[in-house]
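Each protein sequence line maps, in turn, to chains A and B.
Going by our numbering, the first sequence opens with residue 1, and the numbers climb by one from there.
Going by our numbering, the second sequence opens with residue 1, and the numbers climb by one from there.
It should be emphasised that the hints constitute simulated quantities derived from the structure, not laboratory data.
The reader is advised that the hints may include incorrect statements.
[Unchecked claim] Some chain B residues close to chain A (C-beta under 10 Å, calculated; not the full set): (1) THR20; (2) ALA114; (3) GLY122; (4) ILE212; (5) THR230; (6) MET253; (7) ARG270.
[As the list claims (entries may be wrong)] Heads up, simulated EDC-like pairs for lysine to aspartate or glutamate below, C-alpha to C-alpha not over 20 Å straight-line: (8) LYS146/A with GLU135/A; (9) LYS56/A with GLU120/A; (10) LYS198/A with GLU128/B; (11) LYS198/A with ASP184/A; (12) LYS198/A with GLU131/B; (13) LYS198/A with ASP17/A.
It should be emphasised that the depicted structure is a prediction, and the values quoted were computed from it without experimental measurement.
Backbone N, C-alpha and C define an ideal beta-carbon position, used for all residues, glycine too.
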Amino acid sequence: MGELFGYLSFGADGWGDEIATGVWLTIRLALVTLPFGLVIGFFVALAKNSEEPLLKAAANVYTTIFRGLPELLTLFIVYYGGQIMLAQIASLFYDGYVEVSGFVAGVVALGVVFSAFASEVFLGALRGIGAGQYEAGYALGLTRAKTLRLIIVPQLIRLALPGLSNLWLVLLKDTSLVSVIALDDLLRKTNIVVGATKEPFFFYSVACLIYLTLSVISSLGINRINTWANRGQVHHP
Amino acid sequence: MTATADATVVRPPPAKKGWTPARVGGALWVALWLVIAFLAVRLAVTEYSPAFYARYGPRILHGLLITVELVALSVSIGAAIAIPIAFARGSKNSIISGLAYSYVYFFRGTPLLAQTFLVYYGAGQFRETLEAAHMWWFFRDAFNCAVFTFALNTSAYQAEIFRGAIDSVPKGQTEAGEALGLSQWPIFNKIVAPQAMIIALRPLGNEIILMIKGSAIASIITVFDLMGETRLAFSRTYDFQVYLWAAVLYLSMVEILRRVWDRIEARLTRHLKRLGE
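Input sequences plus hints: build the corresponding full structure.
Written out as structure tokens, the structure reads:
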């Protein structure tokens with residue numbers, strides 16, 4: 001057992017530093033994906049909430065597709081499809097080999113999946129805000145954009161937060177899929193370490209514990225954001 | 001609008017006509033979808049090769065069958081495990097409820113892919129022990145390992161769904177049963193469970209959809225499910241349309257399940273509908 005934990009040391013004999021770089025990539029990937037997913041999800045929700053039938057239909061197609069496809073398949077379609085598409089575009093200009101960065105493919109694939117689910121959360125939150133709130137904004141002479149930014153969004157954050165927190169935890173776990181397209185995240189680093197040490201059970205358990213730790217830390221952070229978002233709520237005894 | 005309309009009558013403001021930004025955006029977006037659909041169909045027509053369909057068509061359909069089998073087995077075994085865990089979660093004994101809570105927390109907090117690797121490669125490491133216990137025949141097969149992992153994983157999610165559904169049945173229902181002199185089991189079986197089932201139904205359907213999507217992970221440990229066959233066909237032909245076919249098949253599975261679930265829900269809640277509604 002002591003020998004096993006020795007494997008985790010940092011430096012030339014241990015694998016701790018390998019795993020740490022993997023953890024760092026996992027965290028970076030999730031953090032870079034989050035803003036994209038949130039922004040796209042928000043606009044898709046606005047589109048679904050609009051009265052314009054074309055816009056609504058297009059947005060519904062978007063969510064139906066990306067909520068229904070396996071994340072792994074989305075990742076492959078983005079990765080290989082992107083490669084084929086870029087190669088075709090590039091062939092117009094020069095002869096050469098184009099490669100899609102695994103990181104970018106990961107961000108795009110995880111981002112669209114996240115945004116499709118986030119749009120449902122935002123839509124639910126938008127419907128939870130009464131029409132009177134918009135009317136009050138217009139009555140004050142605010143423009144549509146200003147009403148949205150100053151009146152709707154602050155309330156939206158509070159209503160959408162529980163659903164979004166869940167999606168963040170799902171995103172954190174879904175990052176493990178990029179290990180399949182040879183991106184050196186925590187899980188792929190673990191695969192490499194297992195290949196070298198022949199200790200799958202130990203190292204995959206360590207990887208699972210690290211993922212658990214990341215979600216525990218996230219939950220703590222989410223609780224703080226939640227307190228902040230609810231600071232305007234008066235608690236009646 | 002007729003020419004004789006009285007101009008003095010106050011009318012609601014006319015609906016916006018012409019090309020509002022929302023309409024332009026919507027039209028562009030719909031156009032984008034149409035272009036993508038056109039490109040996909042064109043790919044399927046121009047790259048059509050009977051040899052490709054003859055060779056990989058049956059394999060992909062077989063993969064589809066494996067996926068259905070994988071999901072059906074995992075979900076039903078998972079449900080069987082979930083029920084005792086749901087009860088353990090609500091137990092007054094803090095050790096039992098604590099254990100059940102950690103079980104649920106572990107399986108919900110770690111990626112399914114990592115769990116699958118843990119079982120599949122981890123089992124290989126303990127081969128001698130498993131052989132001695134006459135369990136190696138089971139863990140030797142990637143499909144079994146996938147079912148094993150997925151069943152444990154979904155059982156954690158299902159346990160939470162069942163727990164929540166049982167808790168949401170008002171306490172007065174149980175008390176009414178007790179007042180009638182019923183014992184524990186009939187109260188649960190005849191009063192609480194049927195009401196909990198209605199509440200659990202929708203999240204349960206979502207969980208099955210998640211499992212259909214998650215089952216694609218099995219392809220990474222060499223199970224030839226729909227995703228596995230798709231990856232194999234792509235690696236041999238570099239024909240991108242095979243991914244599009246897989247997408248169509250997965251989306252159809254999810255859509256069919258959604259429809260079936262709507263039917264079941266309509267049937268289970270038929271006593272809640274008012275006449276003429």
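Now the hints, each set against the structure:
{"no.": "1", "hint": "THR20", "result": "holds (7 Å)"}
{"no.": "2", "hint": "ALA114", "result": "holds (5 Å)"}
{"no.": "3", "hint": "GLY122", "result": "holds (4 Å)"}
{"no.": "4", "hint": "ILE212", "result": "holds (8 Å)"}
{"no.": "5", "hint": "THR230", "result": "holds (8 Å)"}
{"no.": "6", "hint": "MET253", "result": "holds (8 Å)"}
{"no.": "7", "hint": "ARG270", "result": "violated (27 Å)"}
{"no.": "8", "hint": "LYS146/A with GLU135/A", "result": "holds (12 Å)"}
{"no.": "9", "hint": "LYS56/A with GLU120/A", "result": "holds (13 Å)"}
{"no.": "10", "hint": "LYS198/A with GLU128/B", "result": "holds (15 Å)"}
{"no.": "11", "hint": "LYS198/A with ASP184/A", "result": "holds (19 Å)"}
{"no.": "12", "hint": "LYS198/A with GLU131/B", "result": "holds (19 Å)"}
{"no.": "13", "hint": "LYS198/A with ASP17/A", "result": "holds (18 Å)"}
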